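Engineer: Now for the letters of each chain:
2 protein chains.
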Amino acid sequence: MKTDIEIAQTSHGVPITDIAEKLNLSTDEVEQYGHLKAKIKTSVLNRLKDRPDGKLILVTSINPTNAGEGKSTVTIGLGDALNALGKQAVIALREPSLGPVMGTKGGATGGGYSQVMPMADINLHFTGDMHAITTANNTLSALIDNHIYQGNELQIDPRRVIWKRVLDINDRSLRQTTIGLGGLKQGVPREEQFEITVASEIMAVICLAKNLADLTSRLSNIIIGYTFQNEPITVGDLNAEGVLTLLLKDALKPNLVQTLYQTPAFIHGGPFGNIAHGCNSVVATKMALKLGDFVVTEAGFGADLGAEKFLDIKVPILEKAPDAIVIVATIRALKMHGGVPHDELTIENPEALKLGVANLEKHVQNMQKYGLPVIVAVNQFTSDTDKELALLTRLCEDLGAIVEITSSWSDGYQGSLALAEKVISIIEEDSSDFEAVYSFGMTIEEKAETIVKELYGGDGVFFTDKAKEQIEIFKKYGWDRLPICMAKTQFSLSDDPKKVGRPSEFTVVIRELVPKMGAGFIVAFTGDIMTMPSLPKEPAALKMSVDSNGSIKGLF
Amino acid sequence: MKTDIEIAQTSHGVPITDIAEKLNLSTDEVEQYGHLKAKIKTSVLNRLKDRPDGKLILVTSINPTNAGEGKSTVTIGLGDALNALGKQAVIALREPSLGPVMGTKGGATGGGYSQVMPMADINLHFTGDMHAITTANNTLSALIDNHIYQGNELQIDPRRVIWKRVLDINDRSLRQTTIGLGGLKQGVPREEQFEITVASEIMAVICLAKNLADLTSRLSNIIIGYTFQNEPITVGDLNAEGVLTLLLKDALKPNLVQTLYQTPAFIHGGPFGNIAHGCNSVVATKMALKLGDFVVTEAGFGADLGAEKFLDIKVPILEKAPDAIVIVATIRALKMHGGVPHDELTIENPEALKLGVANLEKHVQNMQKYGLPVIVAVNQFTSDTDKELALLTRLCEDLGAIVEITSSWSDGYQGSLALAEKVISIIEEDSSDFEAVYSFGMTIEEKAETIVKELYGGDGVFFTDKAKEQIEIFKKYGWDRLPICMAKTQFSLSDDPKKVGRPSEFTVVIRELVPKMGAGFIVAFTGDIMTMPSLPKEPAALKMSVDSNGSIKGLF
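Residue numbers (this note's numbering), protein chains in the order written: chain A, 1 to 556; chain B, 1 to 556.
Misleading hints may appear alongside valid ones.
Same chains, same names: a pair is fine if it fits in one copy or spans any two.
Unchecked claim - Below, computed lysine-lysine pairings styled on DSS-like, alpha-carbon distance capped at 25 Å:
no.	residue 1	residue 2
1	K369	K185
2	K185	K453
3	K468	K354
4	K320	K210
5	K466	K164
6	K498	K185
7	K553	K249
8	K185	K164
9	K537	K498
10	K498	K164
11	K543	K249
12	K553	K210
13	K249	K498
14	K499	K422
15	K164	K543
16	K320	K290
17	K468	K49
18	K2	K369
19	K498	K87
20	K369	K499
21	K249	K185
Worth flagging that the hints you see were computed from the coordinates, not collected in a lab.
Please read all numbers here as calculations on a predicted model, not as lab measurements.
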């Protein structure tokens, strides 16, 4: 088997203008970035506003494990298979963050024969969206500190600045810093914690804004800190929403690329799945829905985080609910949920598989609570045995779930044809009857309780004193009418990453709330959420190179 | 008169593919970035390696003042005029840094009717070169701190790390920071000074590398700090040159745009003019020389910094010396050199003008020392009187210099036709007989003395004890055989910014030397050189906006 970068580098693709033409986009609407990438102008949404939306398929998964689930691979394989079956299929994915690419994760463009291309470009600078967000975020930081330095008319308390600088780099050393040192001419000293770019509220804003005017309005609402009297200060108070919009105007335009089989794919936006909502942009998904008959998209982490936020935060803005949910599971990961350690996953173990299926079961039931039809996609690995595959299929049927095996990583679109046929058939039944699990009008406590009890399977929520105080303040400003964005470990349905499978009898502790008024949600922090990753002892970066002919090595 | 952004937004330009076609570039060699920008593959240099170079015109200036000289405007106007006279003219400029655009400076794309376009794009993210350099620079920083954290096999002394993080933002608060705080899991505490991206050695490396292999080799040579035993550590010691090359492979490709009159213009690279060499990239200039018959390029600051470094640092790598030098002067700026305060510049003052011409005289003589023919371009302002213009013309003729008035800001290419004719005529005389003022084999002391005595007009150099110690160390490693890059104020021929005109009887103090082994020069620091600018009380950024139709305001 070739490596991902080898497969990617042997495939040349067709000019992106051909892909755009297939989608009936006019030359004027397409801004090429090299031969294989393009930004599509948002004016397309106006032109097609009366065209009915295509069908929407949301790909999500069980709680992720170190064994890997291959959600992107399944998403791409399913799109390719729908395309091969004669449907106008369009894929909508998040764009990768450079930090993890340089660390251990490698790229985020699928794998094997289910990839979007150009793989190296997408994983590196792509069309500059991440850099635009980094720049806008840090320009705002410079404007805040400059305001404080130049007389501080707004009376911003340097100890209460919550807006943090970001870099798209895994950089442990910037987690806790002091800035503004050096005396009278070098600024006002204060503490600063750098985060990774995808954790910036600007990333969430880009992904939830409907258009340029909405972008400006959301940016204006962002709270950057509090005065000495503890009153909130917004970007609008600083008059900075104009320059931020200017810096972000191109980043708002969706990026069009293609799969190895020339299926059109939008790769746009990539907010964190814990402190943000973890889905690609509303603008890109909407554009895909206007241009395609079947849109396959993906949400971050497991269905408890990614799908929940897609359905409760993104859908109200997108004004379109999924027509089907695909939950990706692997036998390896289910065995981990059944208690098998990482180095024994290739050993056949039906008992552990049976135990681990409890995790899948809960996610299937959760999606059904939203009134959505569910298909389980078993992403096949070479180590899976026939006995295990047969067992898992039967267990899924026992749950009342439709199930299909997929092997797009090794077999390309052909590995997902059966899955695609089942997806088409379930969508033709038109059984989607979407209903949110909570309403925005509920109190913060009620919304959090609903998520924890209904979806996580917990007993309830414990709010720390700090969180309780914050809820009172938020009520005063009317912020309690926003959806809740749970910042929780992705590894468990509970807030304890070690509790695999389907834990019960647990209480989720919410220790702090952060208002994200630009994004339009309240982040509820449970446990320790890391917003600046770090590099391992042997970073992937140090294996990467490019020779004098431009041939790339070590990117995977 | 319209503002620059108004003029820029009313001009639509032709597709960049048309400009590329005019230069006989193949479709395959052109990577479009939207309709009006493109990166050109460096393979063009191989294809045309046997074609003779075009003629090279270097535009420089007197010592800059707050009154402004308009060097870019003259460069663009001259290119347009050469084009209008039927020459295949190509312009090669530096690309702007976003930090100053957001501060007070505004854009760096010319002005009035002498502009390159698309103005807003070039001043903002352009094709992402600055962001790629920021990312590569800071990825290297993260790798250094991670190495120290993960056992520090190379024994890097955290107090001796000289590699600094950068942002392309004017951010006073990051000038002096402490990082790695927060305890055992958050890195190793140390001091850090952020600089602006254009001050990164990577920017200088991009601008001096001949090709991808040379880029890797130069990156590998960069010194990032010293061990506890004070031995130098390079990027190569960290094995990081591969990933840095990967991150920079597209940034090495020159960017092609057009002027308002469709003259092709390469805008590529923008290193600082004090701690670096202040010229656009070797790759872009060489490409322009292979594609054009007349290439007009520019060097940073006045001729004492920009032109000197162009001739002593860039020319040996470019393997091509200028065929003519254009020194830009304005009556306003010369009056400032004659002692007139900023608010009295619009008052006619022939006496001050006469005094101020001494500054111009020195630069003319300096360029003649290199054996190069010189033309003085008087960039006309509306406040200039006929009497002053006639006087300046006569004074230049007294100096034995060819002189011409240019008015491209208000008149476009027509304002530079007379200048262009004189440039053509001087080039046809073929009188360029280039000779460097110093040889690399001289000692550091001799090289610095030569620059100060021959070009600045000073009495000599005073080396601090620290600098003397460094010279001994540099000799040990053989670094003393490199050219000197003087980091000096741009406002005076001396190292004292207050000494306008043509100062004499001064000694330049060199307080510190820094080896830039990737760029291939030794920076000699004189006085205080600011490598992280700051925002003013009312930043230009806060006046910028973009409306829902994408129309931009406040960018100038």
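Engineer: The structure should be examined with respect to each hint, and the outcome stated for every one.
Structural biologist: Each hint, compared with the structure:
1. Taking identical chains as interchangeable, the C-alpha atoms of K369 and K185 are never at most 25 Å apart, the minima being 59 Å within one chain and 41 Å between chains.
2. With identical chains, the CA atoms of K185 and K453 are never at most 25 Å apart, being 54 Å at best within one copy and 34 Å at best between copies.
3. In the homo-oligomer, the alpha carbons of K468 and K354 never lie at most 25 Å apart, since the shortest distance is 41 Å inside one protomer and 75 Å across protomers.
4. In this homomeric assembly, K320 and K210 come within 25 Å of each other (Cα to Cα) only inside a single copy, at 13 Å, whereas the closest approach across copies is 53 Å.
5. In this homomeric assembly, K466 and K164 come within 25 Å of each other (Cα to Cα) only inside a single copy, at 21 Å, whereas the closest approach across copies is 38 Å.
6. When the C-alpha separation of K498 and K185 is checked against a cutoff of 25 Å, the pair qualifies only between copies, where the shortest distance is 20 Å, while the shortest distance within a copy is 49 Å.
7. With identical chains, the CA atoms of K553 and K249 are at most 25 Å apart between copies only, with a shortest distance of 13 Å across copies and 34 Å within one.
8. In the homo-oligomer, the alpha carbons of K185 and K164 lie at most 25 Å apart both inside one protomer (22 Å) and across protomers (20 Å), since each shortest distance falls under that limit.
9. For the homomeric pair K537 and K498, the shortest alpha-carbon distance inside one copy (24 Å) is at most 25 Å, but the shortest distance between copies (51 Å) is not.
10. Neither within a single protomer nor between protomers do K498 and K164 lie at most 25 Å apart by alpha-carbon distance, with minima of 30 Å and 39 Å respectively.
11. When the C-alpha separation of K543 and K249 is checked against a cutoff of 25 Å, the pair qualifies only between copies, where the shortest distance is 16 Å, while the shortest distance within a copy is 35 Å.
12. Taking the closest pair of Cα atoms, K553 and K210 come within 25 Å of each other only across two copies (22 Å); inside a single copy the shortest separation is 39 Å, beyond that limit.
13. Proximity of K249 and K498 under a CA criterion of 25 Å is satisfied in neither setting, with 42 Å inside one chain copy and 42 Å between copies.
14. Taking the shortest Cα distances, K499 and K422 never come within 25 Å of each other, neither inside one copy (33 Å) nor across copies (81 Å).
15. Taking CA atoms no more than 25 Å apart as the test, K164 paired with K543 passes between copies only; the shortest distance there is 23 Å, against 31 Å inside one copy.
16. With identical chains, the CA atoms of K320 and K290 are at most 25 Å apart within one copy only, with a shortest distance of 12 Å there and 55 Å across copies.
17. With identical chains, the CA atoms of K468 and K49 are never at most 25 Å apart, being 43 Å at best within one copy and 71 Å at best between copies.
18. Proximity of K2 to K369 under the C-alpha cut-off of 25 Å is found in neither arrangement, the shortest distances being 42 Å within a copy and 61 Å between copies.
19. In this assembly of identical chains, K498 and K87 lie within 25 Å of each other by CA distance neither inside one copy nor across copies; the values are 42 Å within and 72 Å between.
20. For a Cα distance limit of 25 Å, the shortest separation of K369 from K499 inside one copy, 23 Å, qualifies, whereas the shortest one across copies, 78 Å, does not.
21. In this homomeric assembly, K249 and K185 never come within 25 Å of each other (Cα to Cα): the closest approach is 34 Å inside a single copy and 38 Å across copies.
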